[in-house]
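Enquirer: What the sequence shown shows, in the working numbering, is residues 1 to 344, in sequence order.
Hints in this document: simulated from the structure, not taken from any laboratory. Watch out, some of these pointers could steer you wrong.
Unchecked claim - Under the rule of at most 25 Å between Cα atoms (straight-line distance), these lysine to any residue pairs were calculated in the SDA-like manner:
#1 Lys78 <-> Asp140
#2 Lys277 <-> Glu311
#3 Lys105 <-> Pro193
#4 Lys58 <-> His116
#5 Lys284 <-> Ser332
#6 Lys239 <-> Lys312
#7 Lys239 <-> Glu216
#8 Lys69 <-> His116
#9 Lys312 <-> Ile344
#10 Lys105 <-> Asp139
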Amino acid sequence: MKVLHQDTRTGEIKILLESMDDLWHLRNIVIPTDLVWADTHRRKEEKSDKIRTERAEKRRMRLGIRVEKVEFQDYQDKVRILGVIEEGPQDIGQHHTLLLGPGDKLSIFKSEWRKHELDRIMSAVKEARRPSIFFVPLDDTEAAVLVMSQFSLRELGNIALTGTGKMYESKTDAKSYFEEIANILVASVDKEPVVVLGPGFAKERFIAFLREKHPEMAKRATVLSSGQTGAAGVYEVVKKGLGGKVVEDTRLVVETNLIEDLLSRISRGDPVTYGPKQVEEAAKAGAVEVLLITEERVRIPLGEELMKTTEKLGGRVEILSNNHDAGKRLESLGGYAAILRYPI
Numbered sequence: 001m002k003v004l005h006q007d008t009r010t011g012e013i014k015i016l017l018e019s020m021d022d023l024w025h026l027r028n029i030v031i032p033t034d035l036v037w038a039d040t041h042r043r044k045e046e047k048s049d050k051i052r053t054e055r056a057e058k059r060r061m062r063l064g065i066r067v068e069k070v071e072f073q074d075y076q077d078k079v080r081i082l083g084v085i086e087e088g089p090q091d092i093g094q095h096h097t098l099l100l101g102p103g104d105k106l107s108i109f110k111s112e113w114r115k116h117e118l119d120r121i122m123s124a125v126k127e128a129r130r131p132s133i134f135f136v137p138l139d140d141t142e143a144a145v146l147v148m149s150q151f152s153l154r155e156l157g158n159i160a161l162t163g164t165g166k167m168y169e170s171k172t173d174a175k176s177y178f179e180e181i182a183n184i185l186v187a188s189v190d191k192e193p194v195v196v197l198g199p200g201f202a203k204e205r206f207i208a209f210l211r212e213k214h215p216e217m218a219k220r221a222t223v224l225s226s227g228q229t230g231a232a233g234v235y236e237v238v239k240k241g242l243g244g245k246v247v248e249d250t251r252l253v254v255e256t257n258l259i260e261d262l263l264s265r266i267s268r269g270d271p272v273t274y275g276p277k278q279v280e281e282a283a284k285a286g287a288v289e290v291l292l293i294t295e296e297r298v299r300i301p302l303g304e305e306l307m308k309t310t311e312k313l314g315g316r317v318e319i320l321s322n323n324h325d326a327g328k329r330l331e332s333l334g335g336y337a338a339i340l341r342y343p344i
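Could you build the full structure based on these sequences and the hints that come with them?
Expert: Next comes the structure, spelled out in structure tokens:
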């Protein structure tokens, strides 16, 4: 994400979306009642005919939409901003949907920018310089290729060894298995780091294959041991703190560490609390040192109130994405948790 313009007088921040991670940020920055300006396409208005046919020509225009709803799912490559046209060359007062993806520019106007929204923009600008990380968890019979961005872990492909399931019954079987994995990597990886992991010796044999067939990629690869394969294996090494600095700096890992620390404190009996009512009481008492809250809870009045109270009384707010394991575990605790300064 890039900030192209900021005007504190009008409440405008103009940004350029650069990646899929930026779409996740945008989903949590834009809220109902905001005014969003962006280029879009809409059917040309025909003054001579009140009925606009489906075949009418669409033309590019810039519209200002008063936001009613924001939609984004991890399998999509666009954010949908739905609302009423408030400013523009035509159709004032009618509904329209802006479809925004990487490469698009938009201006967001708010009557008041909240601290967590500004922090998210700053974080997105900083994180734009960090690479995604590719993981290859594998064993003798099955492998996957996954990409970890700042907020998600997404599977790009899954390869299963056909036949008897004995990987080294012939050299041909092993070569074909490794070639399928490598083909997915070659099609997806530019200069990003690659982490190869899993139980047994399949990971070492795959690295040897990479050194022979794709030496440049092999130089960027790290080999780690794990007891599991698939996404579970990736989360296993993340929780163990393995993978080096490049993994530690991703927001997904930061959030995983936050929830692991919270659960450890709960098991030790340290001063923590969780659940809406309990966290609200702690915040009002000024006891919250760190507030953990899921993205979905940020959007409701209680979530906004707890964040404001925590920050006003010197606490820190950490927002966890509902899109991965850490956020889902926090949601299972009620969506709110707090590390306390003292027991209450």
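Enquirer: Work down the list of hints and note, for each, if the structure agrees.
Expert: Each hint tested on the structure:
1. In summary, the hint linking Lys78 to Asp140 is not supported, as the alpha carbons are separated by about 37 Å, beyond the 25 Å threshold.
2. Simply put, Lys277 and Glu311 have alpha-carbon atoms about 18 Å apart, close enough for the 25 Å limit, and the pair holds.
3. At roughly 29 Å between alpha-carbon atoms, Lys105 and Pro193 are farther apart than 25 Å, so this suggested pair is violated.
4. For a cut-off of 25 Å, the pair hint linking Lys58 to His116 is broken: about 37 Å separates their Cα positions.
5. Restraint check for Lys284 and Ser332: satisfied, since their Cα atoms lie roughly 23 Å apart, inside the 25 Å limit.
6. Between Lys239 and Lys312, the direct Cα distance comes to roughly 32 Å. Violation of the 25 Å bound is thereby established for this hinted pair.
7. Proximity of Lys239 to Glu216 is assessed by CA-CA distance (about 28 Å); at most 25 Å being required, the pair is judged violated.
8. As the CA atoms of Lys69 and His116 are separated by approximately 19 Å, the hinted pair is consistent with the 25 Å bound.
9. Only pairs whose Cα atoms come within 25 Å are accepted, and Lys312 paired with Ile344 is accepted, the gap being roughly 19 Å.
10. A hinted pair counts as satisfied when its Cα atoms are at most 25 Å apart, and Lys105 with Asp139 does not qualify at roughly 44 Å.
Checked against the numbered hints given earlier, the structure breaks hints 1, 3, 4, 6, 7 and 10 and satisfies all the rest.
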